[in-house]
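Protein chains: 2
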Amino acid sequence: MENVPIVLFEGYSFDENDKYYARGSCTLIKGPQNVIIDTLNAWDGDELTEKLQRYQLQPSDINYVVCTHGHSDHMGCNYLFKHAIHIVGYDVSHTDEFYDHDFKGGEEYVINGDIKVIPTPGHTSQDVSVLVCTSQGLYAITGDLFECEGDAQDENLWQENSVNVDLQRANRQKILSIADYIIPGHGPMFKVPKF
Amino acid sequence: MENVPIVLFEGYSFDENDKYYARGSCTLIKGPQNVIIDTLNAWDGDELTEKLQRYQLQPSDINYVVCTHGHSDHMGCNYLFKHAIHIVGYDVSHTDEFYDHDFKGGEEYVINGDIKVIPTPGHTSQDVSVLVCTSQGLYAITGDLFECEGDAQDENLWQENSVNVDLQRANRQKILSIADYIIPGHGPMFKVPKF
Chain H
1 MENVPIVLFE GYSFDENDKY YARGSCTLIK GPQNVIIDTL NAWDGDELTE KLQRYQLQPS
61 DINYVVCTHG HSDHMGCNYL FKHAIHIVGY DVSHTDEFYD HDFKGGEEYV INGDIKVIPT
121 PGHTSQDVSV LVCTSQGLYA ITGDLFECEG DAQDENLWQE NSVNVDLQRA NRQKILSIAD
181 YIIPGHGPMF KVPKF
Chain Y
1 MENVPIVLFE GYSFDENDKY YARGSCTLIK GPQNVIIDTL NAWDGDELTE KLQRYQLQPS
61 DINYVVCTHG HSDHMGCNYL FKHAIHIVGY DVSHTDEFYD HDFKGGEEYV INGDIKVIPT
121 PGHTSQDVSV LVCTSQGLYA ITGDLFECEG DAQDENLWQE NSVNVDLQRA NRQKILSIAD
181 YIIPGHGPMF KVPKF
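Top line first, the protein sequences correspond to chains H and Y.
For reference, each letter of the first sequence is one residue, going 1 to 195 in our numbering.
For reference, each letter of the second sequence is one residue, going 1 to 195 in our numbering.
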């Protein structure tokens, strides 16, 4: 079965009337292993459950939850997925058992032959991205390593929220060099230009 | 009303039969503002709700959730507290609205005259601690700035999990110099020795 990622919720961030609103992207990979990447804000559980039903899935059908990093708008609904292994930044766990995995040393976490999780720090010190190999090309689901397609033109969009700009820049370049499509943390999916 | 912190769940972390288990401390401040500090793993919602009932509280009675940092064993049950303002590391939000607060620049967040949240990074780049002023002295609820009382004797206990050892050491010293009691991330509350 083809593991093409489905963007369940397109992330956003914007100012309006001196207020700031944000929600991370939420992506589903439906296949031999059902994977959710980033789980919105803590108030979004009903909306997420309803959206999954459109894909004939219950929360208990999800095998892996991957949170690209530990910010609240990317891990708010992890509680829904009690049957899943949770990969939250560099931590891998189920209930109160934490599994040994060396993201810090660069080790990839292989979910299956087509899906793996790799460390891509910079936005925080412990970010991960999910790579999905499909017949249409390689998808990278990156969280806030990329805020949105336009953040290469306006670098403030990502650098203002980065704890390590040099490291984030290097990991952005790495993803751009290998991915065909990027699902960023707070904007629509975009195709990577190839030269 | 006196705001003495109540440790609802004492955090732990230990190895057993080559497996590693962890859960963060979870603390309640019951008063004019009801505050929960750190919300366990994502599987612990029922247990946390039950414990609150012993203090005549429903999740909807909680006004503030403070997560000392964005690791999964400290923010797993944020979803329970839909009426609260959530302070997760340096982010302050309710639903998808994020409030402007400069923890990065050192600004304190005042919940009331006796309770404030201050930035104490080092374990991650965006940790906070809660300070509670009582007639018995000053309580500091620190998350993993302190793993447990013994981590001053065995510094590996905290340094192995630190993203910035120098910064964490400085913030540990700051807390030790002002607090009378510390509730650490993964062990019992302890009294700070005074010389």
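Derived by calculation from the structure, the hints in this document are not laboratory data.
On a predicted model such as this, the values are computed, not experimentally measured, just so you know.
Please note that a few of the clues may not be correct.
No copy labels: a pair is met if it fits in one copy or bridges any two.
[Claimed, not checked] SDA-like, lysine to any residue: derived pairs with alpha carbons at most 25 Å apart:
1) Lys-194 x Tyr-20
2) Lys-19 x His-101
3) Lys-191 x Glu-155
4) Lys-116 x Glu-16
5) Lys-19 x Cys-133
6) Lys-30 x Asn-164
7) Lys-30 x Leu-157
8) Lys-30 x Asp-166
9) Lys-19 x Gly-137
10) Lys-82 x Glu-160
11) Lys-82 x Phe-190
The hints, checked one at a time:
1. Lys-194 x Tyr-20: neither (34 Å within a copy, 44 Å between copies)
2. Lys-19 x His-101: This pair counts as between: shortest inter-copy Cα distance 12 Å, intra-copy 39 Å.
3. Lys-191 x Glu-155: Answer is within; shortest intra-copy Cα gap is 18 Å, inter-copy 47 Å.
4. Lys-116 x Glu-16: neither (37 Å within a copy, 28 Å between copies)
5. Lys-19 x Cys-133: For Lys-19 and Cys-133, the Cα distance exceeds 25 Å both inside one copy (39 Å) and across copies (32 Å).
6. Lys-30 x Asn-164: Result: close neither inside a copy nor across copies, 33 Å intra and 38 Å inter.
7. Lys-30 x Leu-157: neither (31 Å within a copy, 39 Å between copies)
8. Lys-30 x Asp-166: neither (34 Å within a copy, 44 Å between copies)
9. Lys-19 x Gly-137: neither (38 Å within a copy, 38 Å between copies)
10. Lys-82 x Glu-160: neither (34 Å within a copy, 29 Å between copies)
11. Lys-82 x Phe-190: neither (31 Å within a copy, 33 Å between copies)
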